[in-house]
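Novice: Residue numbers (the working numbering), protein chains in the order written: chain L, 45 to 118; chain V, 794 to 963; chain C, 5 to 500.
Derived by calculation from the structure, the hints in this document are not laboratory data. Accuracy of the hints is not assured; some may be wrong.
[Stated by the list, open to error] Listed next, the stretches of chain L that the computed footprint assigns to chain V, with coverage defined by at least 3 CB atoms under 8 Å from CB atoms of chain V:
| id | region |
| --- | --- |
| 1 | 48-57 |
| 2 | 94-106 |
[What the hints assert, rightly or not] Quick list of in silico lysine-lysine cross-link-like pairs, DSS-like style, CA-CA up to 25 Å:
| id | chain 1 | residue 1 | chain 2 | residue 2 |
| --- | --- | --- | --- | --- |
| 3 | L | Lys111 | V | Lys859 |
| 4 | L | Lys58 | V | Lys846 |
| 5 | C | Lys372 | C | Lys88 |
| 6 | C | Lys204 | C | Lys220 |
| 7 | C | Lys271 | C | Lys232 |
| 8 | C | Lys88 | C | Lys129 |
| 9 | C | Lys28 | C | Lys63 |
| 10 | L | Lys111 | V | Lys846 |
| 11 | V | Lys862 | C | Lys298 |
| 12 | C | Lys196 | C | Lys238 |
| 13 | C | Lys220 | C | Lys202 |
| 14 | V | Lys859 | C | Lys298 |
| 15 | V | Lys860 | C | Lys134 |
[Said to hold, decoys possible] Quick list of simulated restraints, FRET-style, between CB atoms:
| id | chain 1 | residue 1 | chain 2 | residue 2 | range |
| --- | --- | --- | --- | --- | --- |
| 16 | V | Ser848 | C | Arg410 | 47 to 53 Å |
| 17 | V | Ser848 | C | Asn426 | 46 to 52 Å |
| 18 | V | Leu823 | C | Ser16 | 55 to 61 Å |
All C-beta atoms in this analysis are idealised placements derived from N, C-alpha and C, irrespective of residue type, glycine included.
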Amino acid sequence: MIELRFHRALYAEKAVDEAVETFTRHASFERAAEPTHLVVRISGRDADREQRIAHELANFALGLTIKAGGAMSS
Amino acid sequence: MPVTFDGIPGDLVEVELDRGAMSLQVDETLYPLEAVYAAAYVFIDRCYVFLDKPSEGRIRVTLSGKKAKLEGDLARETVGEFANELLSCAWRAQIARDSRATIESVTARALSGARGAPSLDELEAFDFSEEAFDDPLGIAMSWEEKYAKKKKEGAAPAEEPAKADGGAAK
Amino acid sequence: MNLLQIRKPSTSFALPFKHRTVGKRVLITNTEGNFLLLQPDEFRAFAEGSIGRESELYKRLAERNFVRGAENQERMVERIQARKSFLSYGPNLHIIVVTLRCNETCVYCHASRANMDAVHTDLTKELAEKTVDKILATTNPNVTIEFQGGEPLVNFGVVKHIIEYALEANKKVGKQLEFTMVSNLSLMDDEKLEYLVKNKVQICTSIDGPEHIHDKQRKLPQASAHQKATYWIKRINQEYERIGLDPTLYHVEALLTTTREALPQWKAIVDTYVSLGCKALFLRPVDPFGFADKTGHRIEYPRKEYMHFYTSAVEYMLELNKQGVQILERFAAIFLTKILGGEDPNFLDIRNPCGAGIGQIAYNYDGKVFTCDEGRMLHEMGDSTFLIGDVETTSYRDLMGHETVRALAIASNLEAQPDCVNCTYQPYCGVCPVHNHKSQGTIFGRMRESTLCAVHKGIQDFLFEKLGEGDPATLETFKKWTTVRDRTHFLQSCAV
């Protein structure tokens with residue numbers, strides 16, 4: 045399992061949600077909300093796949109956040 | 794294991810190589826978040842980019858290569874190019890603010906000159922019901938709408954007797 | 005000499021200006037594009053504000069709107085409007101790729117040509133008509149349709165169809181219409197030439213220098229590409245003369261793509277162009293598009309070496325002009341028109357903002373529409389960032405309102421660009437966001453690391469040095485290079 049911690053000041057929650065939704069077919073996701081972070085835990089078929097999905101998901105969430113005008117836009 | 798590259802000061806940018814990835818810590822007072830976003834975006838086609846805030850006023854940017862592990866010359870090149878892009882984006886953010894009026898005016902003139910006026914068919918097909926933009930100051934409102942809204946909020950017209958319990962008369 | 009060396013800079017004497025040391029002088033420019041080349045002591049006095057109102061220097065500075073309190077605001081506005089007049093209209097250059105097929109194989113092919121059996125890359129007559137309909141919807145009263153490929157002569161039937169359809173359709177909208185064709189000329193024949201001349205189609209080709217360089221870089225199976233091209237250049241020019249056109253104005257235009265191999269051959273290249281009767285030579289560096297991206301290790305070079313090539317060739321051309329030979333360099337003519345003429349010649353790649361979308365559009369053989377030819381070239385390399393629609397489904401106004409068109413208009417605005425915003429050459433320069441995107445991964449680009457910026461700055465440094473030297477013969481030649489003689493013969497009549 046890999047844990048990604050998206051800082052709320054840097055990532056828009058909607059963007060993280062949409063990214064998780066997009067990758068939901070490729071792995072299992074568990075969400076948790078902390079005061080400063082949005083936490084996403086990824087469980088995939090194997091470690092390599094988990095790593096790849098974590099990387100792609102992070103890029104996707106960052107891209108969506110920037111497109112939306114930043115973490116604070118929403 | 795922490796690594797330093799020639800010509801990249803450790804107190805401004807900290808570089809750590811770990812499994813083909815590296816992290817740079819960026820001082821937010823020098824590089825605003827919008828510049829970090831812009832530089833990060835430029836790199837998402839060739840790197841996986843992750844942002845974090847290790848402490849107040851610092852942003853950590855983690856880069857890992859998509860095609861090859863970031864190590865040796867490739868790592869130095871990537872971190873150097875990212876630093877250059879970051880500087881460029883920080884300055885661009887500043888001058889975009891400074892020259893906003895000129896940029897907007899030239900862009901608006903160019904695009905309106907190129908698009909021209911809509912045809913009747915296009916006007917007919919236009920969806921006027923869609924909200925085009927937020928209008929907190931009510932600039933796009935008609936006089937009647939604005940007036941009615943104020944009235945609802947308590948801006949009573951002069952002819953109406955002011956109520957004893959306040960409202961606009963206060 | 006820079007402002008840090010000025011002991012007591014005045015904050016109240018000068019209007020905003022930018023400066024740069026050029027040779028032994030200091031060049032100053034302002035927003036409206038006026039310039040002065042000052043001696044170092046003159047620049048010091050200007051920066052310190054210690055110039056008497058009666059002095060000759062004060063008059064020179066005031067005349068060009070460099071002095072606070074003496075400015076002529078009306079003239080300032082007029083000059084800026086003249087330089088930005090292109091903003092009032094939409095695209096005038098419309099590039100149609102009538103096929104990707106080409107019978108030549110070029111080492112740098114920017115267009116990513118296809119083999120001769122790739123007939124699926126031919127534009128159909130049906131899509132061609134829809135393309136013309138889209139073109140004639142432009143807000144620009146002047147329309148140039150440029151046939152490109154691949155090799156347009158491979159799909160000549162569709163070229164003819166476009167010309168005839170456009171002439172007919174234009175009767176309703178009355179644009180000032182022109183046709184140009186970019187061809188390697190190897191598939192030209194008398195019948196095609198007769199048609200092109202009769203229909204006033206300007207013809208442009210590529211000549212990469214003397215035969216041994218040209219044929220090494222542009223392979224034509226079982227023949228010399230150079231011999232074919234030069235034969236037809238002479239033949240077409242003779243045809244223009246035969247129908248009574250002035251040969252100094254009407255002749256085949258040729259373009260050079262400068263590769264590493266060409267760099268030491270600057271003299272032979274100029275001589276080749278002169279011997280072919282060409283009056284202009286465009287010393288274009290190679291771009292990172294198409295096959296050039298893969299062959300870069302063989303054909304690319306540091307831009308410092310290119311600048312040596314460029315200045316050597318132009319110095320030689322200036323010498324030839326002194327001897328009465330008419331030959332101009334295109335880059336120099338474009339910059340000099342802006343520097344000396346006060347107007348923008350609307351060369352779309354060196355414009356602020358650039359012409360992507362708002363000045364030119366490229367239409368692919370499959371109906372796809374791109375902001376510019378470079379954007380279309382990238383699409384052929386697998387990157388469709390600059391795709392803005394399709395001739396069948398996207399309206400003209402939607403093409404112009406596309407977010408990519410907006411982004412490019414902003415990204416190529418030099419007021420928004422680090423480095424450019426403070427550059428002395430800002431009034432005359434332009435950036436290419438597609439080039440930036442390809443070479444640096446961002447449409448905004450980082451100019452200090454840009455090969456295009458190095459070339460633009462280098463050329464302008466050279467031109468201002470020559471202007472500073474003040475040689476009367478050079479100044480006379482420069483003046484001629486900025487004199488545009490319209491080729492009215494190529495304008496189609498436009499009755500509505």
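Novice: Taking only the CA atoms, is the gap from C:Lys372 to C:Lys88 under or equal to 25 Å?
Specialist: Given pair C:Lys372, C:Lys88 is violated - Cα atoms ~29 Å apart, limit 25 Å.
Novice: Verify the proposed pairing of V:Lys860 with C:Lys134, using a straight-line Cα cut of 25 Å.
Specialist: 42 Å, violated
Novice: For the pair supplied as a hint, C:Lys220 and C:Lys202, confirm whether the alpha-carbon distance does not exceed 25 Å.
Specialist: With Cα atoms ~34 Å apart, C:Lys220 and C:Lys202 exceed 25 Å; violated.
Novice: Could you check the hint for me, namely that V:Leu823 and C:Ser16 are 55 to 61 Å apart, CB to CB?
Specialist: 32 Å, violated
Novice: Straight-line Cα separation of L:Lys111 and V:Lys846 no greater than 25 Å?
Specialist: 20 Å, holds
Novice: What's the verdict on C:Lys88 and C:Lys129, does the C-alpha distance respect the 25 Å limit or exceed it?
Specialist: Roughly 37 Å separates the two Cα atoms, so the pair is violated.
Novice: Tell me if the straight-line CA distance from C:Lys196 to C:Lys238 falls inside 25 Å.
Specialist: 15 Å, holds
Novice: Tell me if the straight-line CA distance from L:Lys111 to V:Lys859 falls inside 25 Å.
Specialist: Between L:Lys111 and V:Lys859 the Cα gap is close to 21 Å, so the pair holds against 25 Å.
Novice: CB of V:Ser848 to CB of C:Asn426, is that within 46 to 52 Å?
Specialist: The hint (46 to 52 Å, Cβ to Cβ) is violated, given that V:Ser848 and C:Asn426 are roughly 34 Å apart.
Novice: Measure nothing beyond the straight line between the CA atoms of C:Lys204 and C:Lys220; if it is 25 Å or shorter, mark the hint as holding.
Specialist: Violated, at about 32 Å.
Novice: Holds or violated: C:Lys28 and C:Lys63, Cα atoms, limit 25 Å.
Specialist: It holds: about 22 Å lies between the C-alpha atoms, which stays within 25 Å.
Novice: Holds or violated: the 47 to 53 Å window for the beta-carbon distance between V:Ser848 and C:Arg410?
Specialist: 38 Å, violated
In summary, the numbered hints that this structure violates are 5, 6, 8, 13, 15, 16, 17 and 18.
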